[in-house]
Amino acid sequence: MFPAALSGFLLGASLIIAIGAQNAFILRQGLLRQHVFILCLICALSDALLISAGVAGLGTLIAQSPKLIAFVTLAGAAFLFWYASVAFRRAFHPEAMQVKSNGAVSLKAAAATCLAPTFLNPHVYLDTVLLIGSLSARLEGPARAAYGAGAATASCIWFFALGYGARLLQPIFAKPAAWRVLDCIIGVVMALIGLSLSARFFHG
1226 MFPAALSGFL LGASLIIAIG AQNAFILRQG LLRQHVFILC LICALSDALL ISAGVAGLGT
1286 LIAQSPKLIA FVTLAGAAFL FWYASVAFRR AFHPEAMQVK SNGAVSLKAA AATCLAPTFL
1346 NPHVYLDTVL LIGSLSARLE GPARAAYGAG AATASCIWFF ALGYGARLLQ PIFAKPAAWR
1406 VLDCIIGVVM ALIGLSLSAR FFHG
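Quick note: the sequence shown uses my numbering, first residue 1226, plus one each step.
For the record, the hints were derived by calculation from the structure and aren't laboratory data.
Taking CB as the label site, the calculated pair distances span:
(1) Ala1424 x Leu1283: 24 to 34 angstroms
(2) Pro1367 x Pro1401: 44 to 54 angstroms
(3) Pro1396 x Gln1289: 49 to 59 angstroms
(4) Phe1344 x Arg1392: 19 to 29 angstroms
Even glycine gets a Cβ: it sits at the ideal position worked out from N, Cα and C.
Model the full assembly from the supplied sequences, consistent with the hints where possible.
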């Protein structure tokens, strides 16, 4: 079972370690030190749920539901464009970049913002769920479960490392200009992913 778990771990790591909406949000919250543990836990548990669904065969059902994919694609694109506008607004209003305790985002709002790019991203269903599901299908019983557990473990390690490791960059982000650059990068990433989802919807 260890080879299966290791294979799942490596696949999970390759899928999750990338510049995306979810990672950008966790990085920013880690720098601000706001709700880091809960948000990392939400991301890790969400990925574990989706990975388990893929291993259980949900990916095949999702691939056969074009209306569901279309809805998720449009909703995801709308959210990403909205969040990109928020990031650009922060970047061009220096006072919004100050790290103040009285300006912290509520846990409820932060959790909602964290969940949206996870479950309103069709790439999660088509790529992660379907890919992990199809690759685990060649395994049986405990080996398949170990494969999924390995992928989920990689996701968990990554999110907590990103969230808590972000504070190592705080000396750099003591300057408002650094926050401006980060928010510009986040805005561009969100907008590009939103455009990608829109293109997928309109061009198939």
